[in-house]
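*Asks:* Protein chains in written order, with our numbering: chain A, 1 to 289; chain B, 1 to 326; chain C, 1 to 260.
Read the hints as simulated data drawn from the structure, not as lab findings.
Note that the structure is predicted; figures quoted are calculated from it, not measured.
Hints should not be assumed to be uniformly reliable.
In silico lysine to any residue, SDA-like type, Cα no more than 25 Å apart, as pairs [claimed, not checked]: (1) A:K116 <-> B:K7; (2) C:K109 <-> B:E209; (3) B:K294 <-> A:L110; (4) C:K48 <-> B:N217; (5) B:K142 <-> B:T131; (6) A:K116 <-> B:E208; (7) C:K72 <-> B:E208; (8) B:K7 <-> C:V126.
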Amino acid sequence: MEQILANGVYLGSQYAMIALGLTLIFALMNVLNFAHGQMYVIGGFVTYTFYGQWGVPFVLALFMSCVTLAILGALIERFLFAPVIKGSSREESTMLLAAGIAFFLDAVILLVFGEKQRGVPKIVDGVFNYDFRLIMPYDRILICVLAILSIVAFIGLMQYTKTGRALRALAQDRTAAQLMGVNVDRYSMIGFALGAMLAGLVGGLLVTITGVNLGMGGPTSIKAFMMVMIGGAGVISGAIWGGIILGFMEAIGLALLYQYGDITYLLIFVSLMIFLAIRPQGLMGKPWG
Amino acid sequence: MFNVSAKQLTGVGVFLFAIFVGVPLIIGATGRWDFYFTLTSVALLSIASAGVWLTFYIGRINIGQGAFALIGAYVSAILVVKAGWSFWISLPAAGFFAALVAILIGIPILRLRGVYFAMITLVLTQVVTLTALALPITNGAKGMSSIPLPSGVSLFGIPILPDFAGMENTKLAFYYTACILMIVTYAALYRLVNSRLGHLCRSMQQNEELASSIGVNIAYIRIVIFAISSFFGGIGGAMFGSIAQSVYPSSFQVVDSVNFMLNCFLGGLGYVFGPMLGTLVLYFGWDLLFEFGKYQMLIYSTVLILIIRFLPNGLLSLRIGKGGDK
Amino acid sequence: MSPLIQVKNVTKKYGGLTANNDISFDVAENEILSVIGPNGAGKSTLFKMISSFTPTTSGEVLYQGERISNLKPHIVARKGVVRTFQETTIFKSMTVRESVVVAQHLRAKASLAGYFWGSKTAKEDVTAFGEYADELLEFLGMSEISGEQATNLPQGSLRALGIAIGLATDPKVLLLDEPFAGMNHDETMRMVDLVRSVRDERGVTVMLVEHDMPAVMNISDRIVVLNFGEKIAQGTPSEIQNNEKVIEAYLGSADDEIGM
Chain A
1 MEQILANGVY LGSQYAMIAL GLTLIFALMN VLNFAHGQMY VIGGFVTYTF YGQWGVPFVL
61 ALFMSCVTLA ILGALIERFL FAPVIKGSSR EESTMLLAAG IAFFLDAVIL LVFGEKQRGV
121 PKIVDGVFNY DFRLIMPYDR ILICVLAILS IVAFIGLMQY TKTGRALRAL AQDRTAAQLM
181 GVNVDRYSMI GFALGAMLAG LVGGLLVTIT GVNLGMGGPT SIKAFMMVMI GGAGVISGAI
241 WGGIILGFME AIGLALLYQY GDITYLLIFV SLMIFLAIRP QGLMGKPWG
Chain B
1 MFNVSAKQLT GVGVFLFAIF VGVPLIIGAT GRWDFYFTLT SVALLSIASA GVWLTFYIGR
61 INIGQGAFAL IGAYVSAILV VKAGWSFWIS LPAAGFFAAL VAILIGIPIL RLRGVYFAMI
121 TLVLTQVVTL TALALPITNG AKGMSSIPLP SGVSLFGIPI LPDFAGMENT KLAFYYTACI
181 LMIVTYAALY RLVNSRLGHL CRSMQQNEEL ASSIGVNIAY IRIVIFAISS FFGGIGGAMF
241 GSIAQSVYPS SFQVVDSVNF MLNCFLGGLG YVFGPMLGTL VLYFGWDLLF EFGKYQMLIY
301 STVLILIIRF LPNGLLSLRI GKGGDK
Chain C
1 MSPLIQVKNV TKKYGGLTAN NDISFDVAEN EILSVIGPNG AGKSTLFKMI SSFTPTTSGE
61 VLYQGERISN LKPHIVARKG VVRTFQETTI FKSMTVRESV VVAQHLRAKA SLAGYFWGSK
121 TAKEDVTAFG EYADELLEFL GMSEISGEQA TNLPQGSLRA LGIAIGLATD PKVLLLDEPF
181 AGMNHDETMR MVDLVRSVRD ERGVTVMLVE HDMPAVMNIS DRIVVLNFGE KIAQGTPSEI
241 QNNEKVIEAY LGSADDEIGM
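Generate the whole structure from the sequences, applying the supplied hints.
*Replies:* In structure tokens:
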């Protein structure tokens, strides 16, 4: 039981961070970022390159993941999403664009990093063992703590800084934010960069545990979509709850049903559908329609 | 509304001539027999894309067509292999089964709109893949292989459809079959869109509240449309399975669902034949880029992004001119 | 003669908030009845309940003795009670004529399959829809703009389009949600005439929700006044004008809203 709880917290904290980035981008620009999983993978590969291959300290490698993705996100927003949003007669075009970008990033990952599974040396050795009821390697504990700290930092940023307030105003009502004097173009870019950066950060953190490979992008995006749907699209608390809930469901499912393999995910999907049929707006989302 | 202009008729005539006579001639002359498979795939994928396009016509972004194509492929394969049915009966059965699943799933999820519907349909593809892995009847990850080719059909001793297994050139036979199916699909789609149901769909696409205020049973029409859409998906998938003579859980994946959506968007959502063009351009383009080896995906996605960046309203919008159809 | 519509003890609560509390009144056949009240008095909510766009918390609405509340909107529309919308809710990328043709959905005789195959009845329907659309647009004085895209119309024409769409369904009762909002005096007067002719020439009973006092006083046979979700008065325009509770309610909210 303790083990399941611990696994749930561990998974949940990672997932929440992935969902946060996705939901931020959605809230700001109404864009469903299909490429979120690919951004996560790139984050993993950057940390792998700096820490695993060149021996740069892990924290610095992690920082490089964040910077790379923030720049990438900003460029994508400035040169692709912003003009398409302005020029298209229907908002769905952004979904198409996001899918195109997902393919593009996949291609780039393939060319630059190859299709092999990559791992890095452990950042800390040893295993925490509490009476064989709770076993958790130290590196996982460390990553989990780092993830939770990042989430706290993100919330702090959104709550207490000028940027955060501007982003929240933008998420609530674009027109009103503009009238209030928020530079909409600039903060859209910052928000997108921030969302992408979060994806990269998780990728960098998790490469130390699970490694990274080309095929992880798509499934990661799907998981992120699920979390966002559970919690409610575009709501920060919803993304966190969605991540925690999915993390726990997975931890519990894998513990109880491990001999049936993928049946856990099937059950999660089906229960998500039932849940959405009852509560289409998710846990924290505002009712609509 | 019921009259077809001479120009349209000529257009259709040229199109039919091109695909039934022109293409075989060109392929015969150039010896590029592999194009048959490519074009057959285009025809079948454009049937599934037509379904996605139809769901868009009621204002829903459907990224779940891969799920229904997979369902169709498995239903047909199971009926042919395990129950010994003729493929030609299993084909509509696959379509109807996909439609039935669509009705059951549609009742809860069609209430969702916009991004929510898009996300849940995307998840749906994953659900079907996992179901195929988990169920005993689908053989799990091994999938179903060595599916027999479609057998001949005769009515009162008169052969209507030939036995594919006894044929020298199954490629050509499959090509013709796929083209006929595609033409029937698009003819039906064209009629549907230009009939009253199509007008009601358009009214729902533009404003569901107003549509229900004029007495349109929006819940019912949503289900009907989603069922028809999935029927197309099931038919396309079943035919695909028959040509490949195999079905695996990975035959249709999330990326296929996304591609179906891309086909529609790229062709242009305002035009019935948009998905056909979109499928042709995307699939054929992808195939042609094969020569570039590992740069295939990079070039493909770059072109895709550029098209969206500079033609955000679809390829057919070029013909109409900017702002011609919103 | 029994009333056409009976609103019986209708209450609507959103969480702890009461939008409408125990409201009852009748609408007689061929009447023009207005529901007025300061902002937030619950007028729109009341309309939504009558047209079943939102369920009642308690109470019911009867049409010809049959319950029409807590159903689906399209079923209420099919019975002949049709609403228009407050916002500019239109079919954006249809032309005026197309919108009016689509709105005749309920008058169709042929089945959906009949349309698909192009049956004889379906062809007759299509011709009839077109003719009726032209007739209706002429009646509303909109023939000239029948080919315009709805998005390109000025606001006044949009309201008229909303009414045209409502009328095309061949309703017995038309619920108009703020038909005069955002109009200048001339436009308003034209709309008043239009609404009156809808009643006089088409035999449609009209209920409307409105802010514009002079227009309401001009057009209504009877008026129901809501304030803070409660019905505070009902009567003829002259009765309402002299009703102390009404004056108080309006003075208590915002002076500029009286306009009388």
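*Asks:* Can you list which hints this structure breaks, lowest number first?
*Replies:* 1, 6
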